[in-house]
Structures are given as structure tokens and as C-alpha cells.
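Chemist: Protein sequence lines, in the order shown, are assigned to chains F and B.
Under the numbering used here, read the first sequence as residues 4 to 513, first letter to last.
Under the numbering used here, read the second sequence as residues 4 to 94, first letter to last.
The set of hints was computed from the structure by calculation and includes no laboratory data.
Each hint should be verified, as a subset may be incorrect.
To be verified - Some but not every residue of chain B turned toward chain F, in silico, with C-beta under 8 Å: (1) 34; (2) 59; (3) 62; (4) 63; (5) 76; (6) 78; (7) 85; (8) 86.
None of the values given here were measured: they were computed from a predicted structure.
Beta carbons: idealized from backbone N, C-alpha and C, even for Gly.
The lines below spell out each chain.
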Amino acid sequence: MERTPSGISGLDEITRGGLPKGRTTLVCGGPGCGKSMFGLQFLAKGATDYGEPGVLLTFEESEKDVLENAASVHLGLRGLIDDGKLAIAHIELDRSELEVVGVYSLDGLFARLGLAIDRIGAKRVTIDTLEVLFSALENETILRAELRRLFQWLKDKGVTAVVTAESGRSGALSRHGLEEYVSDCVMFVDHRVSEQVATRVMRIVKYRGSEHGTGEYPFLIDEDGITVVPITALGLDHPASREKVSTGIESLDDMLGGGYFKGTTVLMSGSAGTGKSTISASFAKGACERGERAAYFAFEESPDQIVRNMSSVGIELQQCIDEGLLHIISTRPSVYGLEHHLARVHKTIEQIDPQVVVMDPITNFEIVGSGREAKAMLTRIVDLLKSREITAVMTSLTAIEQDSMVGISSIVDTWLQVRNFEANGERTRMLYILKSRGMAHSNQVREFRMSTEGVSLVDVYVGPQGVVFGSDRIEQERLDSMGDHDLAELERRLAAARARQGIGTEAPGG
Amino acid sequence: MADCKLALFVAGTGPRAVAAEANVRSFCEAHIKNGYELHVVDVIAAPETAEEHAILATPTLIRIDPQPPVRIIGDISNTTRVLSILGLSQS
Chain F
4 MERTPSGISG
14 LDEITRGGLP
24 KGRTTLVCGG
34 PGCGKSMFGL
44 QFLAKGATDY
54 GEPGVLLTFE
64 ESEKDVLENA
74 ASVHLGLRGL
84 IDDGKLAIAH
94 IELDRSELEV
104 VGVYSLDGLF
114 ARLGLAIDRI
124 GAKRVTIDTL
134 EVLFSALENE
144 TILRAELRRL
154 FQWLKDKGVT
164 AVVTAESGRS
174 GALSRHGLEE
184 YVSDCVMFVD
194 HRVSEQVATR
204 VMRIVKYRGS
214 EHGTGEYPFL
224 IDEDGITVVP
234 ITALGLDHPA
244 SREKVSTGIE
254 SLDDMLGGGY
264 FKGTTVLMSG
274 SAGTGKSTIS
284 ASFAKGACER
294 GERAAYFAFE
304 ESPDQIVRNM
314 SSVGIELQQC
324 IDEGLLHIIS
334 TRPSVYGLEH
344 HLARVHKTIE
354 QIDPQVVVMD
364 PITNFEIVGS
374 GREAKAMLTR
384 IVDLLKSREI
394 TAVMTSLTAI
404 EQDSMVGISS
414 IVDTWLQVRN
424 FEANGERTRM
434 LYILKSRGMA
444 HSNQVREFRM
454 STEGVSLVDV
464 YVGPQGVVFG
474 SDRIEQERLD
484 SMGDHDLAEL
494 ERRLAAARAR
504 QGIGTEAPGG
Chain B
4 MADCKLALFV
14 AGTGPRAVAA
24 EANVRSFCEA
34 HIKNGYELHV
44 VDVIAAPETA
54 EEHAILATPT
64 LIRIDPQPPV
74 RIIGDISNTT
84 RVLSILGLSQ
94 S
């Protein structure tokens, strides 16, 4: 069966091409679930993107009502109507005037629909919603016979149609069993609220002649209409690139043998104040300096805060934003369900088409769902990024030694950790490579410094008593450059001072 | 009774359309005393007219005059009912 693009972002990937061409698709759902939007978007995009004019047949809403209700969505309806690419045929059903005596057929409806289609050469039709006929016309036998005739008529007319229906009680797809008449494609939309978090899902109930995913696909409705997130299988078939992408920090590139592998996801964990955001921002900036696009998903700070904070360590992001290369998208995780976040990320990535993505921090998602659910969502995001060969850095707020978020480290390719140490009243930051798939690394660690000139990594200093950092390090360096005699003297003094204070130990937290 | 102006909307020219028209005419002959005007419209041939009058089903009989307008859909098989809808008495 031939398919025609649905005009619903993400849906064509799930249906492998779109809706059955020249046939009818039934979209069932409760009130406010998005079926009318589905039908409208199918027409609008059909006209705008695929050159197929469309007719919307409504029973309850006038053209004015339709335009008003869809005002917040950018489908360009008014323009399409003016250009003769969209027509809204309103069939009024005024029961008070309607007296029925004897049998009848619905030829008036067919004639007017035919007229509307012929006038603009429509190739798409949406009927929203057939339920209304059932309440207006009492003779169900006649109505059902006519509906059967309608679907055949639409097929003969050669148009691709979307028909909406109210979902029935206790799980019934539609209140009046319309799915019996539509044999080619039936979809179901739902809007659930669970623990104050709302999620929209779409399910393919039937798609004749095609293997289709039986799962539920999350979607969102915003000013661009419906966006569906096509869930991809966790891919073991993603091409593994050997290309390296700069981390934005020269010394980190050295540490990682050139940078991050392209298309991989890096987890950067560490407690508050350890500098994770700085490392991620450097990464984004590095991309922009190469002329690439970066999408920075911020879940704790606003774009202004980020720009300001980064500016104080010498990372200027404003210019990247002004050039349209850096996009900072701030959201509070607790406002939406996990599915909604997933859909938004997917949609933003589709729109911006970045080469590089930052998500900072991902740990807040545990507020929204369980650890397991949050991990599932992030797994899907990682998979989405891999399939588009986007190199990504995700930051995670954790205490030292703790794996972030129920094993998220197992799905990323590289795991870096930043830790703060306090010794002798000073704080030092250390960057560790805990994991790096596909690359020889040897549990490397560097001291990590931030100044007004940006981020730099310096080699750890190994003194006689082990790793030395902070002012002890400066001291040790000085010692190493001295002559033997003075050295012995100073070593005595250093040892004595250390003995008095105890050797500097790792301190948890920041 | 004032002049009665009626419009009958049918689909096509097949037997059902013909029967509907025949039904209406005989009804009018029998029950409308002071003359009537009957316009028959084929919605398939003249869909714009169907649109103008917001026709959904066929046959649809509309009484345009006298006011108020009345719409009856169906094959007008029940004469008594039609009479009462149109506010006419049995003769």
C-alpha cells in the first residue's frame, strides 16, 4: 500500500512513510487528546509541505471557530484558505429544525463534500468528528449504511482521509464502533495524568499490510502542532566513528587523545561547584568556534545565568548566541512529564540540527520519574543523539564515588568525574577519566583550574609522598628546582609541617 | 392559507428521487388549498444550491413560505406527521 506523508513530525518514521494513500485513517481519542489537531495538521502540512490541498469537514465548528481554536498553533491556516489550498466545509446540524419522516440518505453531505473537494482540487480530507452525526440523527441503521458508503466514496474520490472519533467507555476505541468501517489504519491518542505529570501518547492500533510498532509513542502539542517522538531501538548498529571532536579545552583534548569520539555521549559527574558546567560550556563554545551548532539544554539555570557565569571564567557565550550557533534551552524538569521532555529534546534537535549537545544537569529528571524511568528516557535520548552522530556532554550532580542515577554510566561512552579536594585550607579540583570506551586510557587524573582566562588542566604532580596539589604542589615544584643542600633542609621542614597537620585527604562534596 | 412555497432536494434522477417528488406533489395537491410552488433541486447536479441551503440528507423538504421555515428529511411517508409539522389540518 502506498503511503503519503502525514505532516505530523516523527509519525512518518514510525509508520515507515506516512498514512495509507487514498484511504481513510481513523484517529480515536478522548476530548482534548489531540485528534482534531492531528486532522488539521495533516491538512495544513499536506498543503504547505506536499502541495496537496485539503478540505476540513466539520459539523460543530464554523470556519471562524476552527481558526480561533487553532490560533495558538502556527499552521498558517488563514493564508492557506486565502490561497485556495485549504477549505473548511461546515455542515450545520441543527436538531431543532430537523424533522425526520421516513427514510433518507446523506447525499446532501456527499454533494457538498464533493463540491468542496472539486473546487480546490483537494487530495486530503479531514472529517472532524463523525460522532456528531450519531447524536443528530436517530436512525442508526441509515447512518451506519451511509458511513460505509462514505468511506467507499472517499476512496473512489481518490483522496487520503483522516476521520476523528471519540473514544468509547472502558477502553472501546470509538463510541460507535467506527473502527469496524475503517480497515486500513486506526490510531489512538491519549492524554494521561499520573502523579500530576501529564503525558500524551499515540498508538497505532491497526495498519493494514504493514508491520508497525505496537508501542505507544510520546508526543507533545505546542505552537508547531504535534511532534511525535519515534522511539528507536537501542542501537547496536550505530556506526562508530573514529573521528575526534575537540572538548573545547586543549589540555583535555590531550588527555583524551584528541577529544571525544564523534557521535558519543560523555557523562560528566561531580558534586555541586566542581566545574562540570564550565567544562560543558567550553565544549559548546568550542563547537561554535568551529562554526558548528550547539544545543545547550539547561535544567537548572536560565540562559542569562549561564552566559554570566561562564563569562566570569573567561568563556564568552554571548557571541555564539548572537551568531545563531549556540541555542540555550532552559526548562524545569518538574514542569513536564518525562515523555514530554523527550519529545521536546527530539523536536529541538530536529529544528536546530546541532552537531553538539549539552544537557546540564540530567539528575533533576529523577524528581519527575523514578530512577528507572529517568534512565529509560535518557537511554532514548542517547540513542537519538547517536543516530544523528551528535556528540554530547551530560552533566550529573552526584556525591563522590556514587554512580549517577541508577547506572546511567553504563549507557554512555565516556565518563569523566570532577572532584573537589580540600587540603591545607585550599580547594583543588581534579578531573578523572573513569571510563572511556574505545580508547586506551589509564585512569588518568588531572588538576583542573578555572580562571578568568578559562579552563585548563595541569598534570598532577607526583611528589615523594604521592600526588601533590594546591600550594603543596607549588612548594614541591620549587623544591625540585633547588640544589641538593637547600633541598634537604627544606624537605626536613616540609616533612615536619606535614606531620603536624596530617597529609591532605580527599574531602567529599564541594 | 397563504401561498405555500416549498423546495424539495433530492439526489439524482433515479427511482427514489422520482418517488420522493411524486410523494410531495400528491401530498401538496391533497392538503394545500390555496396553491403551492414546488421547486425540485437535484443535489448532485446542483451542489452549490445544496450548500446554500445547508442540505445534509435527501430527500429534504423545506417550506420557505409561510414562515417560520420548516425542514423535513425523509421520504414523507407518514402524511399525518408531515401535516402536523407543517401546521396543516387533515382534509
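Chemist: Identify every previously stated hint that the structure contradicts and give their numbers, smallest first.
Modeler: 1 and 8
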